[in-house]
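Residue numbers (our numbering), protein chains in the order written: chain A, 471 to 1043; chain B, 525 to 1124.
Just so you know, the hints here were simulated from the structure itself, not pulled from any lab data.
Think of the CB as a built atom: it goes at the ideal place given N, C-alpha and C, for glycine as much as any other residue.
Don't take every hint at face value.
[As the list claims (entries may be wrong)] Facing chain A, according to a computed beta carbon distance under 7 Å, are these residues of chain B, among others:
1. Asn755
2. Leu775
3. Ser781
4. Ser793
5. Met816
6. Thr843
7. Ile875
8. Pro885
For reference, the chains in residue letters:
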Amino acid sequence: MDPSRSIPNVYNLGFKAGSLVAELLYMQRRVTLSEVADALTSFPVLYKEWWLNLVANDPIHVLVETTLIIAIVYFLVSRSKDWKASDEKEKLTAKEENELLYDWKQNIRAPLAPKVQHQPECAVIHKTDGRTITLQVNVSSAMSASSVSTDSTPVTNNVSTEDAFKGGAARAGESIHPAPEFKTVLNFGTSDYLGRSASNSLIKEAAIKALDKYGCGSCGPRGFYGTVDVHLELESAMAKFIGTDDAILYSDGASTVSSTVAAFAKRGDLIVADEGIYEPLMTGVSLSRANVKWFKHNDMADLQKVLAQVQESDRKLGRKLNDQRRFLVVEGLYKNTGKIVPLDDLIKLKEKYCFRLILDESNSFGVLGKTGRGVTELFGKQLMRDVEITTISLENAVGSIGGVTVGSEEVVDHQRLSGSGYCFSASSPPFTATAAIKSIELLAEQPETLKQLRENQLYLRSKLLNLCQHKLEEVLVITSDERSPMVILQVADIPETKNLDEIAFLSEVVKESLNRGVAFVATGHQSVGLVRTAPPPAIRICVSCLHTKEDIDHAVTALGESVDFVLNRMHDS
Amino acid sequence: MTRILRGKSRFRKPDPEDDLTVETDMLEAEVSSTSSGTGSQFDDDATAYGSSGDPYADVRDRMETLAARDKAQFALRSSDSEHLHTEPQIPLFIAYTVYMSYAVLIIIGHIRDFLALVFKNGRYIRKETGFPSDDRDSFAPLLKSWEHFYTRRLYTRVQDCFNRPIASNPGAHIDVVERCSYDQQKSMKVLGSLDNLDNDAQRQEYRQGEYFVESENGSAVRRCVNLGSYNYLGFADDWQVSCAKEVKASLDDLAVSTSSCRNEYGTSSIHRQVEKTVARFLGKEDALVLNMGFNTNATTIPALVGRGDLIISDELNHTSIVNGARASGAAIRIFRHNDTSNLEVILRDAIIKGRPRTRRPWNKILVVVEGIYSMEGEYCDLRNVVRVCKKYGAYVYLDEAHSIGAMGPTGRGCAEYTGVDTADIDIMMGTFTKSFGGMGGYIAASKETIAFLRQRCAGSVYHNSLSPVVCQQVLTSFKVIMGEDGTTIGKQKLQALRDNSNYCRMRLQEMGLQVLGHYDSPIMPVMLYNPCKISAFSRECLKRGVAVVVVGFPAVPILMSRARFCISAGHTREDLDRALKEIDEIADICNLRYARSMFG
């Protein structure tokens, strides 16, 4: 007799079933149907025998285990009932859902855009020649027109009746608005440092020639027949001028900067960035989704500290240097503060801690360095070697539209598929490319414009220093670098200015200066997006090579008068 | 009606004439009854075709019937019972070959990489520059391996099909610059003058090319019919006539660039005029004009929404919208392309459940859709999107980058075409790059919204403003489109664009190609699927003097490679007939007739 039948127990049962399956699957033995049927029919008998055997031999064991099993089943069943019940309770009825939906739509939903209390009237330019701009003074409301005082200096405030007449005739249909008045003011507000965009006939000629040949827009992204031969020319001209392998042209300066950062830094990478970077760089940094650490604005000691912290955490985590890509993100000339990055120290630190450098030369290209090649030239550094990735907006000193990123072949080629502003946007109109090519040519051909700019900038600075120290009781101080053609004036941190509403004060000063025939820019009232990018409250003065000494004298005097005027008015009220 | 329509697949095979005539009466009844103004866009006004008469007189009825059917089916429906977008049905055999092709490409790529590593010889081995960042021990490589592998071993093989430079205005005919590669496709160089070639035999080969032209500076170009540029209304073609005078005159008083942002000294009187015109054109209260279409989306969305808000975005929305949404910090949810029932489910669920974890209600919900999806050629199911959003109180953001100027009887875009009141669309965005032949983008909305955006949108506060020259171009083209120049050129352009597009679509469908999109949309993608067909189709077209756009991964899903034709009002019927004839022949060479058989 088969031994497994004589002492039936659970192991025997399992063994029998298991061996059958194993034979089926692995032994490749042909199992006949009758065998399977035999196994199935014998199972209840076997099981019964085993069970009776167990009860007979060990009744207490059976009792305890049965109780336990019943208890477990009971708890499981009862709990699941509870859960079901609570789910039912949580579930909203259609009526409740509709109430929620209705309530959200009627009461909770925020308006699309909050109401703007105060809409500052921005200047509307009618005509510009770089040195001066002609503004339309009564733009839409009578209020802004009435604020124009008539005591402006006679030199520049020549409200042209002829222009006014012409403009009025052109808008005869809109009889609600008063005929526009025009006023010519000195331009210290735009970043056209080299007088490229407005008065330069060579640039205009180049632009018109391109317009005649190519029309206006390029009607496509670079990938799909939007690449015009002049785009390629500009890229190679830029690369040649600045001394890199290659360059890549974007159609907008700001998106050049943000797309470039986001093309290289990705999730998991590390960015160490200056706190004072301007909005496009900031957008790039946040789009990259990399880990970001900040160091104090232009403070190399603090940068060293941050980098040392990174090194420390590397040691703790056992992370190798080449585990993540690491980038330092700085500007050459900071748009918000007018400071120049101490590139020497920065590059030493970057080499020591093995970071790559993303440098934005948007504001420094064309104005810094001996021949206008930017902050790298100023410090005698080599692009690609010392600065891996450089972004340059063509909208400032170059006086065109668009931007380029320069660097090694690897850096440029990668962006042609990964730079989102390059791939997914239409290319820049061909005429802006030819204007930029001409402008870069002129940088080499006309070194005297740069020399003139330097002179003007030194003269302006000395005049402003004089003004700040002697006339204004040091209410305003120059905080920008002395090599920068963009001067930043901030309210000094002295007891007299403690209760001063800086932003209001500065924008009033700028408004008054405009009445006196000089256009400056007040910063600080922008509260856009990320708080970090908001520029500090300041007055920005951009000098150009087109300005004469008299222009600068006039601008400084107007500024002094305006500050006095506004301070007095504030004291009075 | 619906029963008849439901039976039709998206890629319908050319219907026999009698099939059409049965439906025509019913369709016309429905179309004309839907809403005034959007019904019969085609009138027998002789001015609509200029002096030469209707070039499509022989196929007019057929075209109009097909267009009316599509319109009734997609644009004018007011329920979302049917899903408007169905993914192209990729034949099983083709799916298999596509995967196999990629597998082969990848395996060979890896073999080549391996051999290059072993023999230390290959064109993609990084040259030692001696720069500090070359040190592999302390610097992570700048490029991620897969991304770079794709570029190296797959993209560069076909890179001559992309980034083709042109040496002319992007009109109906373009001069495509001849390029060649001196490093086995690693990089493409402009050939320039034929003297750069090594031998006379090669020179002769170029000279004998049917469409070979030597440009004014002596470089070799190929004169092609342009089916690639977004020159919908053909302003590039007649620029000298329609725009040149005013645009060039703008440089008298103003500069190429303002070198300043909108809020400082970057607003010229032309900017203001463009804004007023846009607002008037669209029937909104005010508008804001920014330098770049991409940036218009990328800076406006973060200004409008932020933490505590929700963006519900179509899955096929453009990268600029994705970038803007990501930068905003708002929560993002995606709904299935053009599927408003899915949108409703997500919207309802979002409002009822509130924000994740905190369970607080959302501040506001922005639904972002596009007028025409550029890679699909489909227009948005705007009626239902607006209906759903209105029902639940979400705001609608409509990106009309491709549809403004290109759709609707008077060119007012997708809203006009589908008969939606622009008052129901909270934010209307569009670009000037396409129909207007310029650059930049606009946002049109209520006065408060625009006032808010002027102060909060980075594009307005920080970025350089749109070039005054481009502004003038936009203004002039607006005048033409709106007929304010005193001519009917605008009307003719719109009619020509619609006719050309519908004719082209009809012919492509008749060829048995798998054409995506709807009638009346000027974009028509044609499925290619196989990666090798991308380059084959593009090169073959170029050889025959037709410049086409082909799209592969990663712009579209890896299986869904396609060619895309953009039709312009500047094309004549002769241009299109020639291009279609060539495409018909190439369809045989490349086996592209997927609508007829699974083997193409």
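Going down the list of hints, with the structure as the test:
Below 7 Å, beta-carbon pairs count as interface contacts, and asparagine 755(B) has one with chain A at about 4 Å; its hint therefore holds. A hinted interface residue such as leucine 775(B) counts as satisfied when its beta carbon comes closer than 7 Å to some beta carbon of chain A; here the least separation is about 5 Å, so the hint holds. The criterion of a C-beta within 7 Å of any C-beta in chain A is met by serine 781(B), whose closest approach is roughly 5 Å, and the hint holds. Evaluation of the serine 793(B) hint against chain A yields a held restraint, the C-beta minimum of about 5 Å falling below 7 Å.
Below 7 Å, beta-carbon pairs count as interface contacts, and methionine 816(B) has one with chain A at about 4 Å; its hint therefore holds. Contact between threonine 843(B) and chain A, as hinted, is supported at the beta carbon level, the nearest pair being about 4 Å apart and thus within 7 Å. Because the beta carbon of isoleucine 875(B) sits about 5 Å from the nearest beta carbon in chain A, less than 7 Å, this interface hint is met. Because the beta carbon of proline 885(B) sits about 5 Å from the nearest beta carbon in chain A, less than 7 Å, this interface hint is met.
Consistency with the previously given hints is maintained throughout, with no hint failing.
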